[in-house]
Amino acid sequence: MTFGNILIILAKGAGYTILVTLAGIGAGLAVGLLIAVLQTTKVKAVQLLLAAYTFVFRSIPLLVLLFIVFFGLPGMGIRIPPFLSMVLCLGLVSGAYLAEIFRGAMAAVSRDEITAAEAMGMKRVQIFFYIIWPQMFRMAVPGMVNEFTSVLKYTPFAYTVGIPEIMKEAMSLAALTLRGLEIYLAVGIIYYLIYKAFVLLFETLEKRFRIPGLAGE
Amino acid sequence: MDAFVQDLIHYSPQILAGLKNTLLLMAIMSVTGIAGGIGLFYLSLAQNRFLRRGTERFISFFIGTPLLVHLFLMYYGLPPLGIRLSAFAVAVIGFTINVSAYNARYLMTAYNGLDKTQIEAARAQGFRFFQIFRLIILPQALRLSVPSLTNQVIQNLKDTSVAFLIQYPDFFAQMQEIASTNFQFFKTYVAAGLVYLALVSVIVAAARRLERKVALPGLETLGRA
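Those protein sequence lines, which keep their order, are chains C and S. Anchor point for the first sequence: position 39 equals 612 in our numbering, and the numbering is continuous, going up by one each time. Anchor point for the second sequence: position 23 equals 1137 in our numbering, and the numbering is continuous, going up by one each time.
Incorrect hints may appear among the rest.
[As the list claims (entries may be wrong)] Straight-line Cα separation of at most 27 Å, DSSO-like style, residue types lysine-lysine; simulated pairs:
id, chain 1, residue 1, chain 2, residue 2
1, S, Lys1327, C, Lys741
2, C, Lys780, C, Lys769
3, C, Lys769, C, Lys741
4, S, Lys1327, S, Lys1272
5, S, Lys1272, C, Lys769
It should be emphasised that the hints constitute simulated quantities derived from the structure, not laboratory data.
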């Protein structure tokens, strides 16, 4: 078996890796945005709850969280399938990080513009979608890309719950052929290619939506 | 008393041994990671173009690939070549390279924010490059990246849990073993999570103190990563 063959076999697992990554990013964005929006409310209890959420999910290792959800919850009568468990954990953790990134970006939107929008009679929802969102989204891009690549790098944990992604394929292949060095080197190369592709994609998106003069770099 | 609490007390020597291994690994890679990070940062500022590019590639590769892959590569990939490293050695080497790459990136970001006229001035005064690095660039870059570097220490603590996948007997490995004997998976893993939470809180408190201590009035620190 040549190195090329190994690469091809492992690349089959890459589909699952990309799927888990994209689903994890989607879940993370949903959680992060929800928290960022809720944080704008002035209710103290909500603020405290959200602060507790971000602290907890930024402190517990993803692997531990995955074990709680996948191996722990069935004992409580809640059974979540492997793929959903992985995506849920990625979403909860990256959501906590993304919320912080969004909060920073939101704080950078000029207060005067919001005051002006209020004076024009825009509703809160309108202000968010027409004034805050377009600006904060662009300012949050570098942080978001960072977080998205973290999600990609967490996906190998999916093998521990039996999702047939790259790492799982590599382990069974290594057990069969005993050529661990080449196999894991190939795994590294595949991950790096996916990583580069992600970064490139986000950079192109960022360039497309960039507004000259608006800080974003 | 609750059977679960009794279990934890019964297994406490094992848990404490695991906790010691976790903290040891974290402490080692935090120190070697800073040293390695400074080394890579120095190389990525080198005069030699190939050295600079090579270092940049190296950093980019290790930031772009999962830590678990590096650990598996050494733990399962090297023995067929006759190189047999213990789980501890693999963890220390793998984590050091990984953390060094991240730390080098943080230092580079801080460096990009520095006023470059200082370096020109130093050169005009006849400073050699190593002197400029040691006396002018590094003290400022380190100070500016304190929040990122302390964040990395928190990340290090959390990442030690990955070492259990290469059979390193860390805290999480012990909890995992206990869970597989008493079948209280939920309680045991939640207890593990709470311990990580407590440890992170301690590090965060220490980091805030350090940040206040090294802060220079007028020299802004970079936003946390």
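Structure-based check of each hint:
1. Annotation: proposed proximity of Lys1327 of chain S to Lys741 of chain C is violated, straight-line Cα distance about 46 Å (limit 27 Å).
2. A distance of roughly 16 Å separates the Cα atoms of Lys780 of chain C and Lys769 of chain C; the hinted pair therefore holds under the 27 Å criterion.
3. In summary, the hint linking Lys769 of chain C to Lys741 of chain C is supported, as the alpha carbons are separated by about 22 Å, within the 27 Å threshold.
4. For the suggested pair Lys1327 of chain S and Lys1272 of chain S, the alpha carbons sit about 25 Å apart, so the restraint of at most 27 Å is met.
5. Between the alpha carbons of Lys1272 of chain S and Lys769 of chain C the distance comes to roughly 25 Å, so the proposed pair stays at or under 27 Å and holds.
Hint compliance for this structure: hint 1 is the single one not met.
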